[in-house]
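Undergrad: The primary structure of each chain is shown beneath.
There are 2 protein chains.
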Amino acid sequence: MTQEFASTLLENAVTELSRLPGVGRKTALRYALHLLRQPQEQSEALGRAIIGMREGIRYCSVCHNISETEICPICSSPSRDGSTVCVVESVKDVMSIERTGQFTGLYHVLGGVISPMDGIGPDQLEIDSLVERVKAGGVREVILALSATMEGETTDFYIFRRLGALQVEVTQLARGVSVGNEIEYTDEITLGRSLLNRTPFEQSLRR
Amino acid sequence: MTQEFASTLLENAVTELSRLPGVGRKTALRYALHLLRQPQEQSEALGRAIIGMREGIRYCSVCHNISETEICPICSSPSRDGSTVCVVESVKDVMSIERTGQFTGLYHVLGGVISPMDGIGPDQLEIDSLVERVKAGGVREVILALSATMEGETTDFYIFRRLGALQVEVTQLARGVSVGNEIEYTDEITLGRSLLNRTPFEQSLRR
Chain C
0 MTQEFASTLL
10 ENAVTELSRL
20 PGVGRKTALR
30 YALHLLRQPQ
40 EQSEALGRAI
50 IGMREGIRYC
60 SVCHNISETE
70 ICPICSSPSR
80 DGSTVCVVES
90 VKDVMSIERT
100 GQFTGLYHVL
110 GGVISPMDGI
120 GPDQLEIDSL
130 VERVKAGGVR
140 EVILALSATM
150 EGETTDFYIF
160 RRLGALQVEV
170 TQLARGVSVG
180 NEIEYTDEIT
190 LGRSLLNRTP
200 FEQSLRR
Chain H
0 MTQEFASTLL
10 ENAVTELSRL
20 PGVGRKTALR
30 YALHLLRQPQ
40 EQSEALGRAI
50 IGMREGIRYC
60 SVCHNISETE
70 ICPICSSPSR
80 DGSTVCVVES
90 VKDVMSIERT
100 GQFTGLYHVL
110 GGVISPMDGI
120 GPDQLEIDSL
130 VERVKAGGVR
140 EVILALSATM
150 EGETTDFYIF
160 RRLGALQVEV
170 TQLARGVSVG
180 NEIEYTDEIT
190 LGRSLLNRTP
200 FEQSLRR
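Protein sequences, first through last, are from chains C and H.
So that you can map any letter, position 74 of the first sequence is 73 in numbering that gives the first Met the number 0, and since no number is skipped, the others follow by simple counting.
So that you can map any letter, position 146 of the second sequence is 145 in numbering that gives the first Met the number 0, and since no number is skipped, the others follow by simple counting.
Next up, chain C with everything else stripped away, as it sits in the complex (with noise of 0.2 Å):
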């Protein structure tokens, strides 16, 4: 292998970066030998860049989701509303509803979803977390974000199951029409589920 790159140093990079998800050895020596290129301060701000990154941040202990301080700005931010948390499967999905700018409650990231063909139960989730945190009061409302899939709708429903006993509300996201999407091609479960929870006229009017 080492003859492969005629440098272990090369051969060393292109291995790590090839551990990056969906990276090949062909795209990881694409990588190297274009870092090779350029000037030496971009593979270092590179180097330094992940280093950092992995070393200063962590998991805020409230909401899960990644933070550089214990408790993430998000949960220690006096402007959100505590009553209402949103629980969605990962980081990126935290960042998808910020950027809708629709949402101004708190979060519980699960970090992932149930999924016994990924040998993913309950107990790997952060579903303890959040009953404890609707236990321990103040939550009025918490709002099922995950995937509308098998795996998603199975843990809304544990999650469901789990929050029962509890005094909270609990709703989930809307299933319908993808706004942009034509009737035509919008599968029959969507539009049979578009058809059941349909929406006062009027609400549509106030966006």
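The hints are simulated quantities; they were obtained by calculation from the structure and are not laboratory data.
Owing to the predicted nature of the structure, the values given are computational and were not obtained by experimental measurement.
Any given hint could be a false lead.
Here are the computed lysine to aspartate or glutamate pairs in the EDC-like style, where the Cα-Cα straight-line distance is at most 20 Å [to be verified]:
1. H:Lys134 <-> H:Asp122
2. H:Lys91 <-> H:Glu125
3. H:Lys91 <-> H:Glu152
4. C:Lys91 <-> C:Glu150
5. C:Lys25 <-> H:Glu97
6. C:Lys134 <-> C:Glu168
7. C:Lys25 <-> H:Glu88
8. C:Lys25 <-> H:Asp92
9. H:Lys91 <-> H:Glu150
10. H:Lys25 <-> C:Asp92
11. H:Lys91 <-> C:Glu10
12. C:Lys91 <-> H:Glu10
13. H:Lys25 <-> C:Glu88
14. C:Lys25 <-> C:Glu10
15. H:Lys134 <-> H:Asp80
16. H:Lys25 <-> C:Glu97
17. C:Lys91 <-> C:Glu67
Given chain C, work out where chain H should sit, using these hints.
TA: Just chain H now, kept in the frame of chain C:
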């Protein structure tokens, strides 16, 4: 932008990762979140491998291939034939030719091909150093192993002219039907060249 990621450390890592070729901010974020989920050692190994590679690798002063030493292992190997120099476009092409196991001579890496469209003229390439190398004596044959494209063939022709006055044989990689390809799907220029350069059949028996 900082708001987008809730962490300047993550923001910084995503920015640096998105400078890699073909990597946008979405992919960079995927890489960063992946690294955050892995053990801290892995991010440190990647960061250090990138910095170490860029610090430790330079270009061979003879053939301009990447090397950890002033003169690369191929150029300094006593078992390689110094009378044959294979001219290639890039470091990757050296790796490709080495993998064939069919070449025992030395290399000369141009660092590209002449491409007026991209503003690359002969002066930006290691052509002068090739001419000097041949002038210094000891080189009997120069093999042009550049891409069979317009730019590659222009560069071939330019090098051929520059070496014209010197006592050296200039050859080019054979053009012909790719092994495994059907005649039906071979383009006519390739087919025409493969007909002109047809080889005695016994040659293929020897392989």
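Undergrad: Run every hint past the structure and note whether it holds.
TA: Now the hints, each set against the structure:
no., hint, result
1, H:Lys134 <-> H:Asp122, "holds (18 Å)"
2, H:Lys91 <-> H:Glu125, "holds (16 Å)"
3, H:Lys91 <-> H:Glu152, "holds (19 Å)"
4, C:Lys91 <-> C:Glu150, "holds (18 Å)"
5, C:Lys25 <-> H:Glu97, "holds (16 Å)"
6, C:Lys134 <-> C:Glu168, "holds (13 Å)"
7, C:Lys25 <-> H:Glu88, "holds (18 Å)"
8, C:Lys25 <-> H:Asp92, "holds (13 Å)"
9, H:Lys91 <-> H:Glu150, "holds (18 Å)"
10, H:Lys25 <-> C:Asp92, "holds (13 Å)"
11, H:Lys91 <-> C:Glu10, "holds (13 Å)"
12, C:Lys91 <-> H:Glu10, "holds (13 Å)"
13, H:Lys25 <-> C:Glu88, "holds (18 Å)"
14, C:Lys25 <-> C:Glu10, "holds (12 Å)"
15, H:Lys134 <-> H:Asp80, "holds (17 Å)"
16, H:Lys25 <-> C:Glu97, "holds (16 Å)"
17, C:Lys91 <-> C:Glu67, "holds (16 Å)"
Consistency note: the structure conflicts with none of the earlier hints.
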